[in-house]
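In order, the protein sequence lines correspond to chains A and B. The opening residue of the first sequence carries number 1 in the working numbering; numbering runs sequentially from there. The opening residue of the second sequence carries number 1001 in the working numbering; numbering runs sequentially from there.
Derived from the structure by calculation, the hints contain no laboratory data. Backbone N, C-alpha and C fix where the C-beta goes; we use that ideal spot for every residue, glycine too. Not one of these hints is a red herring.
DEER-style ranges, computed between Cβ atoms:
{"no.": "1", "chain 1": "B", "residue 1": "R1183", "chain 2": "A", "residue 2": "R15", "range": "20 to 30 Å"}
{"no.": "2", "chain 1": "B", "residue 1": "P1035", "chain 2": "A", "residue 2": "S70", "range": "27 to 37 Å"}
{"no.": "3", "chain 1": "A", "residue 1": "F152", "chain 2": "B", "residue 2": "D1143", "range": "52 to 62 Å"}
{"no.": "4", "chain 1": "A", "residue 1": "D214", "chain 2": "B", "residue 2": "K1014", "range": "49 to 59 Å"}
{"no.": "5", "chain 1": "A", "residue 1": "D153", "chain 2": "B", "residue 2": "F1123", "range": "30 to 40 Å"}
{"no.": "6", "chain 1": "B", "residue 1": "Q1048", "chain 2": "A", "residue 2": "N120", "range": "49 to 59 Å"}
{"no.": "7", "chain 1": "A", "residue 1": "A194", "chain 2": "B", "residue 2": "Q1135", "range": "44 to 54 Å"}
Okay, derived cross-link-like pairs now, DSSO-like style, lysine-lysine, Cα gap no bigger than 30 Å in a straight line:
{"no.": "8", "chain 1": "B", "residue 1": "K1132", "chain 2": "A", "residue 2": "K101"}
{"no.": "9", "chain 1": "B", "residue 1": "K1167", "chain 2": "A", "residue 2": "K101"}
{"no.": "10", "chain 1": "A", "residue 1": "K14", "chain 2": "B", "residue 2": "K1189"}
{"no.": "11", "chain 1": "A", "residue 1": "K98", "chain 2": "B", "residue 2": "K1167"}
{"no.": "12", "chain 1": "B", "residue 1": "K1150", "chain 2": "B", "residue 2": "K1201"}
{"no.": "13", "chain 1": "A", "residue 1": "K82", "chain 2": "B", "residue 2": "K1082"}
{"no.": "14", "chain 1": "B", "residue 1": "K1101", "chain 2": "A", "residue 2": "K34"}
{"no.": "15", "chain 1": "A", "residue 1": "K128", "chain 2": "B", "residue 2": "K1116"}
{"no.": "16", "chain 1": "A", "residue 1": "K98", "chain 2": "B", "residue 2": "K1116"}
{"no.": "17", "chain 1": "B", "residue 1": "K1164", "chain 2": "A", "residue 2": "K167"}
{"no.": "18", "chain 1": "A", "residue 1": "K189", "chain 2": "B", "residue 2": "K1014"}
{"no.": "19", "chain 1": "B", "residue 1": "K1034", "chain 2": "A", "residue 2": "K98"}
{"no.": "20", "chain 1": "B", "residue 1": "K1164", "chain 2": "A", "residue 2": "K101"}
{"no.": "21", "chain 1": "A", "residue 1": "K167", "chain 2": "B", "residue 2": "K1101"}
{"no.": "22", "chain 1": "A", "residue 1": "K132", "chain 2": "B", "residue 2": "K1101"}
{"no.": "23", "chain 1": "B", "residue 1": "K1116", "chain 2": "A", "residue 2": "K101"}
{"no.": "24", "chain 1": "A", "residue 1": "K101", "chain 2": "B", "residue 2": "K1133"}
{"no.": "25", "chain 1": "A", "residue 1": "K164", "chain 2": "B", "residue 2": "K1116"}
{"no.": "26", "chain 1": "A", "residue 1": "K167", "chain 2": "B", "residue 2": "K1116"}
{"no.": "27", "chain 1": "A", "residue 1": "K202", "chain 2": "B", "residue 2": "K1116"}
{"no.": "28", "chain 1": "B", "residue 1": "K1034", "chain 2": "A", "residue 2": "K14"}
{"no.": "29", "chain 1": "A", "residue 1": "K132", "chain 2": "B", "residue 2": "K1098"}
{"no.": "30", "chain 1": "A", "residue 1": "K116", "chain 2": "B", "residue 2": "K1164"}
{"no.": "31", "chain 1": "B", "residue 1": "K1101", "chain 2": "A", "residue 2": "K164"}
Spelled out, the chains give:
Number of protein chains: 2
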Amino acid sequence: MRVNKTLFSPVRSKRTFEDVSLQVRDLIVRGVLKPGDRLPPEAELGEQFHVGRQTVREALRILELSGFISIQKGFGGGPFVKDSTVGKATDILWHAFKMAKTSLAEVVAARLLIEKAVLNDVFDRAGKEDIKKLQENVAKAKDLIAKGQKPFDESFEFHILLAKASKNNVFVVLVETINTIHRRLRSQKPPTFAMVKGFVKKHEQILEALIGKDRQRALRLLEEDTRQIRNSR
Amino acid sequence: MRVNKTLFSPVRSKRTFEDVSLQVRDLIVRGVLKPGDRLPPEAELGEQFHVGRQTVREALRILELSGFISIQKGFGGGPFVKDSTVGKATDILWHAFKMAKTSLAEVVAARLLIEKAVLNDVFDRAGKEDIKKLQENVAKAKDLIAKGQKPFDESFEFHILLAKASKNNVFVVLVETINTIHRRLRSQKPPTFAMVKGFVKKHEQILEALIGKDRQRALRLLEEDTRQIRNSR
DNA sequence: TCACATTTGTCCGTATGTATC
DNA sequence: AGATACATACGGACAAATGTG
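Turn these sequences into a full structure, and let the hints steer you where they fit.
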């Protein structure tokens, strides 16, 4: 009796460009190649790996989409090692949600639950530096408002800083991802000046509650903040 | 004064293969092309888009890595539209966490907080069908144990079913992502038979608490279950 | 401003591997 | 077992972009 090969052999698809991309990826993940490093041009990579240029290009496409490298054309150009890979994951998840016809309400509900869990952790773990960064963020946002500008990025950054104060990198990535998706979902109608002003006001109050160690008030304020964002559609 | 081009022109979509992949991706996202559909072979796609085969191939690489299509070789093969795009995002996040040197403790903490939030929602939203699916899952796991096999996938699936019972697609994706990463982090030491048996026991108790509407007990059991998994390293 | 070198982007022709009928 | 249809891979060629002198 012949062994069913689907049981034992789905391990290798034997595609050369995958092999090449995996080799380069490992060099980056293991830190041999560091952010900012320039890889050899396509032709030279082909010589070193003993493969054609087309194969190299397909490997580079994979690495580029995965966020490991960026590519610049022309003199002095070529593939460069990038530092962050979160953005591309956000992009893929965004399309995954879109395909699954995920509603805005679902995203808001998920965002609220996660940020509440994060905030709860922040109360136990935040240090002086974290508080300081949050204060600077709010101060900058208020400054921009005073100048008549919308502190859109600062308003977004506040939530990232909160996640960082939880001292858990997973939360930073999750909050970044979900909030980006949330922002994209309602991007057709950007918030008005009054709305952003309301966000900053809430952020200031959350920060006060955090300093005053008033956990329940902070959680309630965060909920109001998120619902405020939801209604901005 | 010359306008800084980084302010206005980061829109560059000058690359043909990006254009091609975007066009095909939109057809899939908008549902014109549905899961299981077979796309024309590379040569024909090249003719329709008026581009070369290499350009088509690079576009297909992007779509493949993004999880929108899979590619089969040989007669009757070609690019096929896939249904789920979550797996690739998980892969990218996994490497992102790895590069950021995220610890197992951080992943476990994040997983626990999210699953507790999800379980809390499940108490309000789960219907009869959800309970039934969870019961079937536990029954199958117990059955495998009785046969002396490790119900590894079932033990994983239980948490996905819980997320689905929350009726929020975002949670399904998040739980799937984090749990997969958690599993990979401890994959060097797979759980023993006794451990998996312990998981299933906890799952059964959580299900009982869910049916009995004992929210606090269910949350406590979930915490025990997750900590049990952590200790299996 | 004008070449000029470097490197990616693109196309074509061709050959080989692979899965199905 | 052989023909077919498809992806995979190579090499050559030229265009386009980009920085240098």
